[in-house]
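Trainee: Using the sequences and the hints, build the whole thing.
Number of protein chains: 2
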Amino acid sequence: MTKVNIKKIPPGRLKITRSLKTLLGEKDFNSITTAEIAKTAGVTEGLIYKYFADKRDLLFKVLLELFEQFLLQMGKDLKGVEGSLNKLRSIMQTTLSWYDRQRVFTRILLVEVRNSPDFFKSEAYQQCVRNYSRIIMDIIHEGMDHGEIRKDIKPSVIRQVIQGSIEHVCLPAIIFHREIEVEPATEDLCRTIFMGIQQS
Amino acid sequence: MTKVNIKKIPPGRLKITRSLKTLLGEKDFNSITTAEIAKTAGVTEGLIYKYFADKRDLLFKVLLELFEQFLLQMGKDLKGVEGSLNKLRSIMQTTLSWYDRQRVFTRILLVEVRNSPDFFKSEAYQQCVRNYSRIIMDIIHEGMDHGEIRKDIKPSVIRQVIQGSIEHVCLPAIIFHREIEVEPATEDLCRTIFMGIQQS
DNA sequence: TCGATTAAGTAAGTGTTACTCACTTATTTA
DNA sequence: TAAATAAGTGAGTAACACTTACTTAATCGA
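In order, the protein sequences belong to chains A and B.
Quick note: to get the numbering used here, add 15 to the position in the first sequence (first position is 1).
Quick note: to get the numbering used here, add 15 to the position in the second sequence (first position is 1).
Only true hints are included.
Where chains are identical, the list cannot tell them apart; a pair therefore holds if satisfied intra-copy or between any two copies.
The list that follows gives simulated cross-link-like pairs (lysine-lysine, DSSO-like), each with its CA atoms no further than 27 angstroms apart:
1) Lys-36 x Lys-65
2) Lys-136 x Lys-42
3) Lys-76 x Lys-42
4) Lys-54 x Lys-23
5) Lys-23 x Lys-36
6) Lys-70 x Lys-42
7) Lys-76 x Lys-136
8) Lys-36 x Lys-91
9) Lys-94 x Lys-166
10) Lys-136 x Lys-23
Think of the hints as simulated: they come from the structure by calculation, not from any bench.
Mentor: Right, dumping it as C-alpha cells:
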C-alpha cells in the first residue's frame, strides 16, 4: 500500500524534496523561500503546488520520508535484543545516534514542525511519530507484565519521560550545532530513567 | 535595574502586548497578522515597530513578561521547602500547575518560539529560561553534596531529564487543549525520576 | 500507430502581509 | 514658553506564498 506507489515518482517532485533537504542543511525553514526551493530544484515555483498543498506540506512530506528511514534503522537495531529495559536502551541509543547524524531530520522534527497545528494531522505524525510512540508503549507494557518495570507509574508517563528526556538532551546540540555524545548520554539517560536519581 | 523602568511604559506599547496576549488565546501566532494586532490594540501598525524590532520580537517580549511572573511564583512556592528532592518536586509541581493554567504562556514557550533561531539570543531566553535552568542545576549540585542525589550521572543530564519530561507531559495537553492532571502527573514524574522505572 | 486522455511542467501574475519612512501630535524639560 | 524629545500616524513598498490559464510530454486503448 505504501511502498507500491514507488514506481512512478515524477522527477520534478523528487527534485523538489531533494532541494528542500539540501537547503535545510544551510538555513532554517522559514528563511527558505519557495522561489529558492524551485531554483535549487531546477523547476518552476508553480510545480511545488502541483505536488504539495503548501510550503509546510512539503516540509511534512520530507519529514515523512526521513522518518521512515529512521524507523527502519530502529527496527534493525532492535532485532535480537532481549529484555524490555535492554530494548528501551536500544531505542534510546538508536535515536540519539540518528539525531546526531541526521541533523536535517532532527531539526525538522524537534524545531520546525512543532508550531504547525496541522502537523499533527499529517501523515508524518499520524503514521511515524505515533508508530514510534506505540513501539515504546508496547515495550513498557511488556516490561510490566514480565516484572521488569514497576507497575505503579502510568505507562504513558514513562513513555513521555523517555521521549522528553531524549529531546531535551538533543535540542541544545541541534540548535547550537554541537555534537551529541551518544554512548555517554545513553548511559546517563538509562541510569536516570531505569534506576532513578535518588542515592540509595 | 530591571524593575526601575516600570515608571514610564507608553500606553500604546501596553495596548500592543495586551492585544497579542488576547489574540494568542484564540489562534496561533503565525495566523495572527500585524494588522490584526494593531486593530485589537487600537493603534496603528507602524507603532508596533516603534517598540519592537519585528513581529517575533514582540512575541519574545510578551513571553519575557509572562515568564517573570512564573519565576516569581516558583520562588514563592520554593520558600521553606527542605531537601533537594523536595525542592525538585516543588519546582515540577509549580511548573505543571502554571503550564496548566497559563496556556498562552506555555504555548509560546513550548511551541511558538522554538523555531526562531534568534529566540536563543532574546532576553526571554537569556534571563528567564537560563535562570530557570540554573535554579534546577543548583539544587541538583546541592543534592549531590548532601548525599541525596547520586553522583554518577552528569548533573546537566538530570536537569534535561526533568525539563524534558515536564515538557513532553504538557505538550499534548497544550496542543490538543486537554487538562493537565497536576498532582498525579507530578507524582508519576517524581516516582520515575527519583526512584527509576526498574522493578527492584 | 494514431488519437485522445491524463500527467508533468511552465510563465506570468495577484493578494496578503510584515515592515519602512516621512510626518504629525503630545509630553517633558530647561 | 520655546526647544527638544517621545508617542503615535498613515500611506506606501518589497517580498513572498500561492493561483491560474496554459503548454509540452507521456501513457494507453482501439
